[in-house]
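In UniProt numbering, the protein residues as written are 1 to 408.
Worth flagging that the hints you see were computed from the coordinates, not collected in a lab.
All figures in this text were calculated on a predicted structure; none of them were measured in a lab.
Beta carbons are placed, not taken as given, at the ideal position from N, Cα and C, and that holds for glycine.
Just to be clear, a hint being listed does not mean it is correct.
Beta-carbon label-pair distances, calculated as ranges [what the hints assert, rightly or not]:
1. 212 <-> 386: 50 to 56 Å
2. 173 <-> 88: 47 to 53 Å
3. 278 <-> 382: 26 to 32 Å
4. 53 <-> 19: 48 to 54 Å
5. 19 <-> 219: 18 to 24 Å
6. 278 <-> 402: 32 to 38 Å
7. 94 <-> 171: 23 to 29 Å
8. 354 <-> 88: 32 to 38 Å
9. 190 <-> 17: 18 to 24 Å
10. 278 <-> 78: 41 to 47 Å
11. 212 <-> 401: 31 to 37 Å
12. 393 <-> 94: 31 to 37 Å
13. 368 <-> 53: 54 to 60 Å
14. 247 <-> 382: 19 to 25 Å
Using 25 Å as the maximum straight-line C-alpha spacing, the simulated PhoX-like pairs for lysine-lysine come out as follows [as the list claims (entries may be wrong)]:
15. 306 <-> 362
16. 266 <-> 72
17. 75 <-> 47
18. 163 <-> 266
19. 86 <-> 98
20. 266 <-> 219
21. 148 <-> 306
22. 266 <-> 202
23. 167 <-> 148
24. 175 <-> 136
25. 94 <-> 72
26. 167 <-> 98
27. 94 <-> 167
28. 72 <-> 163
29. 148 <-> 219
30. 167 <-> 64
31. 353 <-> 320
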Amino acid sequence: MVRELVHTFLMDLCCSLKHGINFYDASLGTLGRGGNLTLLHFLLGLKTAADDELVAELVVNILKVCPDLLNKYFKEVTFSFLPRVKSTWSNNIKLLNKIYEAQPDISRAFQTREFIPLPRLLAMVMVTTVPLVCNKIMFTQALNLDSKSVKHTALSLISVILKRALKTVDHCLDKETWQGSSVYSAEVMEEFVRLFREALSKILPDLNTIVWVWQSLRKQDTKQDDEKGKKRDNQTPTFCVTPECDDAETILLKAVLLQVICLYQKVVPHVVMQYNFDFSKLLKGIISEQGLRDEVPPILQHHILKVALELPASKFLWLKAQEGPDAEIIGGERSVFYLLMKMFVTSSHLQLKSSTKLLVIKILRDTGVFEHTWKELELWLEHLDYTPEEKRETVIQFLERVSTYFQC
Numbered sequence: 001m002v003r004e005l006v007h008t009f010l011m012d013l014c015c016s017l018k019h020g021i022n023f024y025d026a027s028l029g030t031l032g033r034g035g036n037l038t039l040l041h042f043l044l045g046l047k048t049a050a051d052d053e054l055v056a057e058l059v060v061n062i063l064k065v066c067p068d069l070l071n072k073y074f075k076e077v078t079f080s081f082l083p084r085v086k087s088t089w090s091n092n093i094k095l096l097n098k099i100y101e102a103q104p105d106i107s108r109a110f111q112t113r114e115f116i117p118l119p120r121l122l123a124m125v126m127v128t129t130v131p132l133v134c135n136k137i138m139f140t141q142a143l144n145l146d147s148k149s150v151k152h153t154a155l156s157l158i159s160v161i162l163k164r165a166l167k168t169v170d171h172c173l174d175k176e177t178w179q180g181s182s183v184y185s186a187e188v189m190e191e192f193v194r195l196f197r198e199a200l201s202k203i204l205p206d207l208n209t210i211v212w213v214w215q216s217l218r219k220q221d222t223k224q225d226d227e228k229g230k231k232r233d234n235q236t237p238t239f240c241v242t243p244e245c246d247d248a249e250t251i252l253l254k255a256v257l258l259q260v261i262c263l264y265q266k267v268v269p270h271v272v273m274q275y276n277f278d279f280s281k282l283l284k285g286i287i288s289e290q291g292l293r294d295e296v297p298p299i300l301q302h303h304i305l306k307v308a309l310e311l312p313a314s315k316f317l318w319l320k321a322q323e324g325p326d327a328e329i330i331g332g333e334r335s336v337f338y339l340l341m342k343m344f345v346t347s348s349h350l351q352l353k354s355s356t357k358l359l360v361i362k363i364l365r366d367t368g369v370f371e372h373t374w375k376e377l378e379l380w381l382e383h384l385d386y387t388p389e390e391k392r393e394t395v396i397q398f399l400e401r402v403s404t405y406f407q408c
């Protein structure tokens, strides 16, 4: 009772711009003024914020009203944000997430009536977009640790940052917003977005690190399958083991990883374009010559298709036959396009089927085969879906051969 009364009193005292001891710094702390120092010292004294909900609520609300303290707080607070396989680190990241979830989606810096030079405007927007403790080194260390929970926490934080950044990008590129503005023009905002994206790319981990996490998970799956195969060889020849499903932790890790790749394309597309990697390899283990693998959860099927739809067609070698030691995983020498066609005709999930169809159309349009005959393409796919099962293979192989011929 007494604790809650004290909490209410402190909330009124520290979080009210009208009656409290705080004041609003329109520069969001970027001018280096020593404002709200009393509150900063008070915040730094709240040592149990990561473990106590009431204390966390107080910290979150003070920083919501005084965003100028964000960088100062994270610079001086004693909480460790160095990735560790410990609950303490996880709790610290949870507090960080709560603090930034409370910040406005669009920075108040855009509400000023005076023109702010773009470099300073960028610094102000970054204050409420990316926590000061987050950087490329921190994320890379977290993703390299041999812990799925740490990887998931790091990728979830990256996802939160990118989603906030995406709202800023959309706001800045919305020409209607700036048509009646006497401060910024649409052209100036386009330049700001370019600077914003460059700044984010210096903080986010390399795509190579993120893709490595996916590949390491695939290697673990392959290793487990090999071990099961050895056990199978020691048993009766007719015994067959169904591939084991991923556990919930692995499924959630793969799902958030695919979400992050999609967000990279939306927020920092230049990073994706500069990364030399065949993203069709991400489909390994998701689809086979028989279509979708039954043991793959719909959430992963959905996200892998979303990645394929979001990223530029040039980042996928759809029509190239798979080679190398992993080729067998997705059907030997068959192209990814062939496997997608099998996925289209075998999928019983309406949303997945619709997404697969959109992807097949995207790939075929890129080949130029149906450049002037889009209706013919629609007819092919419509009739393929109703073609008797024993004749589908002939049609799919024909489409694959034609598309491959025009790509060569």
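Tested hints:
1. Between residue 212 and residue 386 the beta carbons are some 42 Å apart, a value that contradicts the proposed interval 50 to 56 Å.
2. For residue 173 and residue 88, the hinted distance range of 47 to 53 Å is not satisfied, since their beta carbons lie about 40 Å from each other.
3. Between residue 278 and residue 382 the C-beta distance comes to about 30 Å, which sits within the given range of 26 to 32 Å.
4. As the Cβ distance of residue 53 to residue 19 is approximately 25 Å, the hint placing it in 48 to 54 Å is violated.
5. Checking the proposed 18 to 24 Å range against residue 19 and residue 219 shows it is violated: the Cβ atoms sit about 59 Å from each other.
6. Hint check: residue 278 to residue 402, Cβ distance near 22 Å, so the stated range 32 to 38 Å is violated.
7. A hinted range of 23 to 29 Å holds for the C-beta pair residue 94 and residue 171, which are about 27 Å apart.
8. Distance hint for residue 354 and residue 88: a CB-CB separation of about 45 Å, inconsistent with the stated range 32 to 38 Å.
9. Distance hint for residue 190 and residue 17: a CB-CB separation of about 34 Å, inconsistent with the stated range 18 to 24 Å.
10. A hinted range of 41 to 47 Å for the beta carbons of residue 278 and residue 78 is consistent with their spacing of about 45 Å.
11. One distance hint, 31 to 37 Å for the beta-carbon pair residue 212 and residue 401, holds here, with the actual separation near 34 Å.
12. A beta carbon spacing of about 51 Å between residue 393 and residue 94 contradicts the range 31 to 37 Å that was offered as a hint.
13. Against the hinted window of 54 to 60 Å, the Cβ-Cβ separation of residue 368 and residue 53 comes to about 59 Å, which satisfies the hint.
14. With their beta carbons about 39 Å apart, residue 247 and residue 382 fall outside the hinted range of 19 to 25 Å.
15. As the CA atoms of residue 306 and residue 362 are separated by approximately 12 Å, the hinted pair is consistent with the 25 Å bound.
16. For the proposed pair residue 266 and residue 72, the alpha carbon gap of about 30 Å is over 25 Å, so the pair is violated.
17. Using a Cα cut-off of 25 Å, the hinted pair residue 75 and residue 47 holds, with the two alpha carbons roughly 15 Å apart.
18. Restraint check for residue 163 and residue 266: the C-alpha separation of about 9 Å stays at or below 25 Å, so the hint holds.
19. Our distance criterion of 25 Å between C-alpha atoms is met by residue 86 and residue 98, whose separation comes to about 19 Å.
20. Taking the CA atoms of residue 266 and residue 219, the gap is near 28 Å; set against the 25 Å cutoff, the hint is violated.
21. Of the pairs offered as hints, the one joining residue 148 and residue 306 holds, with about 23 Å between alpha carbons and a cut-off of 25 Å not exceeded.
22. With a C-alpha separation of about 16 Å, the suggested pair residue 266 and residue 202 falls inside the 25 Å cut-off, and the hint holds.
23. Between residue 167 and residue 148 the CA atoms are separated by roughly 29 Å; this puts the pair beyond 25 Å, and the hint is violated.
24. As the CA atoms of residue 175 and residue 136 are separated by approximately 32 Å, the hinted pair breaks the 25 Å bound.
25. At roughly 19 Å between alpha-carbon atoms, residue 94 and residue 72 fall within 25 Å of each other, so this suggested pair holds.
26. Note on residue 167 and residue 98: the hinted pairing holds, with a Cα-Cα distance of about 18 Å set against a maximum of 25 Å.
27. A distance of roughly 22 Å separates the Cα atoms of residue 94 and residue 167; the hinted pair therefore holds under the 25 Å criterion.
28. Distance check on the hinted pair: residue 72 and residue 163 sit about 24 Å apart at the alpha-carbon level, within 25 Å; holds.
29. Distance check on the hinted pair: residue 148 and residue 219 sit about 14 Å apart at the alpha-carbon level, within 25 Å; holds.
30. Distance restraint check for residue 167 and residue 64: the Cα-Cα separation of roughly 18 Å lies within the 25 Å cut-off, and the hinted pair is therefore satisfied.
31. The suggested pairing of residue 353 with residue 320 holds, with an alpha-carbon distance near 23 Å, which does not exceed 25 Å.
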